[in-house]
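Visitor: Taken in sequence, the protein lines are chains E and W. Per the working numbering, the first sequence runs over residues 1 to 452. Per the working numbering, the second sequence runs over residues 1 to 452.
If you are wondering where the hints come from, they were derived from the structure by calculation, not from laboratory data. A portion of the hints provided could be inaccurate.
Heads up, the list lumps identical chains together, so a pair's fine if it works in one copy or across two of them.
Below, computed lysine-lysine pairings styled on DSS-like, alpha-carbon distance capped at 30 Å [claimed, not checked]:
(1) K212 - K417
(2) K171 - K52
(3) K166 - K352
(4) K417 - K171
(5) K352 - K417
(6) K352 - K315
(7) K212 - K315
(8) K52 - K352
(9) K222 - K315
(10) K222 - K171
(11) K417 - K222
(12) K52 - K222
(13) K352 - K286
2 protein chains.
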Amino acid sequence: MSHIPDQNHLDTLQTRIIFALESSNIGIAATILQNELSPPEIAHILESSPRKVRHLLWGLINEEDQGEVLVHLNEDIQQQFLEDMSAEEIVETTQDIDSDDLADILQQMPSEASHRVLQLMPRDERSQVEGLLAYPEDTAGGLMTTNMVTIRGDVTIEAVLRYLRKIQLPKSLDVLWVVDRRFHYQGSLALTELLQSNSQAIVSSVMDTTIKAIDATTHEDKVAQLFERDDLVSAPVVDEDDILIGRITIDDVVDVIRDSADHNMMRLAGLDEESDTFAPVVRSSKQRAVWLGINMATAFVAAAVMSQFEASIEKIVALAVLSPVVASMGGIAGSQTLTLVIRGMATGHISKANLSWMVMRELGVGIINGALWASVIGAITVLWYGQLSLALVIAAAILVNICVAVLSGTLLPFILKSARIDPALSGSVILTTLTDVFGFLTFLGLATVFLL
Amino acid sequence: MSHIPDQNHLDTLQTRIIFALESSNIGIAATILQNELSPPEIAHILESSPRKVRHLLWGLINEEDQGEVLVHLNEDIQQQFLEDMSAEEIVETTQDIDSDDLADILQQMPSEASHRVLQLMPRDERSQVEGLLAYPEDTAGGLMTTNMVTIRGDVTIEAVLRYLRKIQLPKSLDVLWVVDRRFHYQGSLALTELLQSNSQAIVSSVMDTTIKAIDATTHEDKVAQLFERDDLVSAPVVDEDDILIGRITIDDVVDVIRDSADHNMMRLAGLDEESDTFAPVVRSSKQRAVWLGINMATAFVAAAVMSQFEASIEKIVALAVLSPVVASMGGIAGSQTLTLVIRGMATGHISKANLSWMVMRELGVGIINGALWASVIGAITVLWYGQLSLALVIAAAILVNICVAVLSGTLLPFILKSARIDPALSGSVILTTLTDVFGFLTFLGLATVFLL
Chain E
1 MSHIPDQNHL
11 DTLQTRIIFA
21 LESSNIGIAA
31 TILQNELSPP
41 EIAHILESSP
51 RKVRHLLWGL
61 INEEDQGEVL
71 VHLNEDIQQQ
81 FLEDMSAEEI
91 VETTQDIDSD
101 DLADILQQMP
111 SEASHRVLQL
121 MPRDERSQVE
131 GLLAYPEDTA
141 GGLMTTNMVT
151 IRGDVTIEAV
161 LRYLRKIQLP
171 KSLDVLWVVD
181 RRFHYQGSLA
191 LTELLQSNSQ
201 AIVSSVMDTT
211 IKAIDATTHE
221 DKVAQLFERD
231 DLVSAPVVDE
241 DDILIGRITI
251 DDVVDVIRDS
261 ADHNMMRLAG
271 LDEESDTFAP
281 VVRSSKQRAV
291 WLGINMATAF
301 VAAAVMSQFE
311 ASIEKIVALA
321 VLSPVVASMG
331 GIAGSQTLTL
341 VIRGMATGHI
351 SKANLSWMVM
361 RELGVGIING
371 ALWASVIGAI
381 TVLWYGQLSL
391 ALVIAAAILV
401 NICVAVLSGT
411 LLPFILKSAR
421 IDPALSGSVI
431 LTTLTDVFGF
441 LTFLGLATVF
451 LL
Chain W
1 MSHIPDQNHL
11 DTLQTRIIFA
21 LESSNIGIAA
31 TILQNELSPP
41 EIAHILESSP
51 RKVRHLLWGL
61 INEEDQGEVL
71 VHLNEDIQQQ
81 FLEDMSAEEI
91 VETTQDIDSD
101 DLADILQQMP
111 SEASHRVLQL
121 MPRDERSQVE
131 GLLAYPEDTA
141 GGLMTTNMVT
151 IRGDVTIEAV
161 LRYLRKIQLP
171 KSLDVLWVVD
181 RRFHYQGSLA
191 LTELLQSNSQ
201 AIVSSVMDTT
211 IKAIDATTHE
221 DKVAQLFERD
231 DLVSAPVVDE
241 DDILIGRITI
251 DDVVDVIRDS
261 ADHNMMRLAG
271 LDEESDTFAP
281 VVRSSKQRAV
291 WLGINMATAF
301 VAAAVMSQFE
311 ASIEKIVALA
321 VLSPVVASMG
331 GIAGSQTLTL
341 VIRGMATGHI
351 SKANLSWMVM
361 RELGVGIING
371 ALWASVIGAI
381 TVLWYGQLSL
391 ALVIAAAILV
401 NICVAVLSGT
411 LLPFILKSAR
421 IDPALSGSVI
431 LTTLTDVFGF
441 LTFLGLATVF
451 LL
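In isolation and in its complexed conformation, chain E is listed as follows (with noise of 0.2 Å):
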């Protein structure tokens, strides 16, 4: 019996495949990729490879496998691909693959080129894709497939059994729907329900009306908390009208919960767009430098401050020593709670209803350690430098930055919230400035009025 290889099992055949290739051995990385490696091991492959070695890899991929690992990757890897290849070329690649996963490929791309290859396909898929195309990708009008089992309330399960046997199922189906006439959603009926009912009950005296349908429109976050919380395996979708016009499945529901904690710890780094590891090294140098460019100017802001204070600093240089530390323990502080309540935005469990309770929180938190890392940092500057005036001040400036921080940390989200800007991008840099600018000031300026 075979196990499902792990991680270092991949490991290893990418080591061999890079061995291959540094040796100019084409044929047995080839090898390798046709008969070692199931499609979405190659496109984690693909992932993990520089462009170059990855253009090579993918000519040497089984014709028959291409599509199927085009699904598997990353968008950013799969445009890389599409750009290259012709709607012709498109088409053939993804004839096998799902109406959901092809819907989801060609709103990556260019929307000439979408219809292009749009055009090319048989008259049946191409209008099911369109369909799909209908509702923006982050919805759940985007994420759903077409491909699902529909049935009538008022039938006998004998003949939903029937029917059964006549069609093509969709592989892990676990549950049927009942529409009325209209198509109208009605309930779910379980296979483990139908297996198990009497064949002459009727479909709507044991269906399932637990689980709700969600509208076409709703957020994919949405989507994905009321998978997590609910514990669903799949969900019907339907539209304005309350017709049923499509299922969520799981598998596309993880992606969207990997995407969304993995954007906002991206975010926090200013990596926004940085979803694949391996991009050209040019595409992420501009990236980065954005993000390098906007923290360059608030550097200068809190240089431009802290130069104000040049007098004083010439006559006690402890000042610059000691700056910096004050402004680092607000950015720490800050930065804590700017995660948590980042964190507690995406699982839904910091709203607007108990925002106040999370100030409060904060407050005594900021208030707590503030205290705790004045006094200590006071001790440390009275060892030191021997001065208790010069200590009394970076003690008060540590509390008053801690606190101020805490609080930008709390509130500053929910303000970046109303003015439609994602927090986790904007909220650290515009955080560090904060706390930059007001441990200098406090920290400076006191020195300037107490110690001169």
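Dock chain W against the given chain E, drawing on the hints supplied.
Guide: Then chain W, alone, in the frame of chain E:
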């Protein structure tokens, strides 16, 4: 037809509950909790409330709902409630929940307390739960449920259909597992296949052997990677003798995926343990104090480096003003790389097999961005201070610091991982220390040599 209530709906209900509590209308809060919310929704509202409110609301829930609510709470908060309950109360509250959910709950408890609960359980159920407790929580064995349906490969489809009518089927079942007489895993039979097969066909001739069994000791992160990669809905779990011992369903894997992506983000901000958004203020303060303390120590290390150059700063105050800019650019460039590498390690895209590609790539990005921002910052310095020599010194320091930052960001996670330290937890603080110290050293060192 009612749709799934969305987040706004839940926020509204929470606002109404908060309002009811504030105006001491406990009855209204109880009515909403008992009649308008499902157990997962109640769990969500508890998670979104501070501790005191949480305990008050818990007392208002229908007793028969408490078990399901408990299952849907995050582990931290589960623990809070369990601590307040006697073993008898725990057994009563959890009597209707699935054995794998119960095992998860018991795994959270101190071993003495969970032992007491097990003693009070009916014998069958106890042995089932004890079987699940044999595997660590973060392995396939810890994720699995023993609630599955197995059939023999040598029987007919008709016999299987008859058998299924007689037993209780788990909800959301999509496949049956086929085993031999010694319970070795052989393959799977989808319910859809079962419905369409000839009733006289033998199971082993129609079963699917492409779903491979997962070893019970496989780490949960690997399980998640497999589910994501192969779009699995459920998978069989075997012990070291290839005996089928359970199955893992996607809903449990979704939690793993959410948690692991989440943990990386939280750890990067030094919030490792804060899974409860509304944890008590004192507990949060303690947890975050550790991180602030570590940060303070590293800030003082950087300050100590700077203080070595006090004589230089006294002569050229601009050095004090510009030092934080150098440190900060290195910090941002480094944390971009670090985040990318940590994400890549989590998704399996970066391993020792392709580390050298990654190093070359990041160094390329570092040199391009280093050169770019060195020029820009040099130009700004000339405009601001009118000193070409100062501008050249800061430009050189920026270039060096950004290159050091991207190299550290790439290599540090691997070094930490081989020392069995979580890169997400300690990576950013070590990195910032490096970029601060290097930034100050190169900038102030070069300035001392060339400008004085």
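Visitor: Could you run down the list of hints and mark each one as holding or not?
Guide: Here's how the hints hold up against the structure:
For the identical chains of this complex, K212 and K417 are intra-copy neighbours only, at 29 Å inside a copy versus 45 Å across copies, given an alpha-carbon limit of 30 Å. For a Cα distance limit of 30 Å, the shortest separation of K171 from K52 qualifies neither inside one copy, at 36 Å, nor across copies, at 48 Å. For a Cα distance limit of 30 Å, the shortest separation of K166 from K352 qualifies neither inside one copy, at 52 Å, nor across copies, at 51 Å. In the homo-oligomer, the alpha carbons of K417 and K171 never lie at most 30 Å apart, since the shortest distance is 40 Å inside one protomer and 39 Å across protomers.
Proximity of K352 and K417 under a CA criterion of 30 Å is satisfied intra-copy only: 11 Å inside one chain copy versus 40 Å between copies. Taking identical chains as interchangeable, the C-alpha atoms of K352 and K315 are never at most 30 Å apart, the minima being 48 Å within one chain and 52 Å between chains. Neither within a single protomer nor between protomers do K212 and K315 lie at most 30 Å apart by alpha-carbon distance, with minima of 71 Å and 73 Å respectively. Within a single copy, K52 and K352 get their C-alpha atoms only as close as 49 Å, which misses the 30 Å cut-off; across copies the closest is 19 Å, which meets it.
In this assembly of identical chains, K222 and K315 lie within 30 Å of each other by CA distance neither inside one copy nor across copies; the values are 58 Å within and 59 Å between. Taking the shortest Cα distances, K222 and K171 sit within 30 Å of each other both inside one copy (26 Å) and across copies (24 Å). For a Cα distance limit of 30 Å, the shortest separation of K417 from K222 inside one copy, 16 Å, qualifies, whereas the shortest one across copies, 35 Å, does not. Proximity of K52 to K222 under the C-alpha cut-off of 30 Å is restricted to the inter-copy arrangement: shortest distance 28 Å between copies versus 38 Å within a copy.
Taking identical chains as interchangeable, the C-alpha atoms of K352 and K286 lie at most 30 Å apart only when they sit on different chains, with a minimum of 27 Å there against 37 Å within one chain.
The earlier numbered hints that this structure contradicts are 2, 3, 4, 6, 7, 9.
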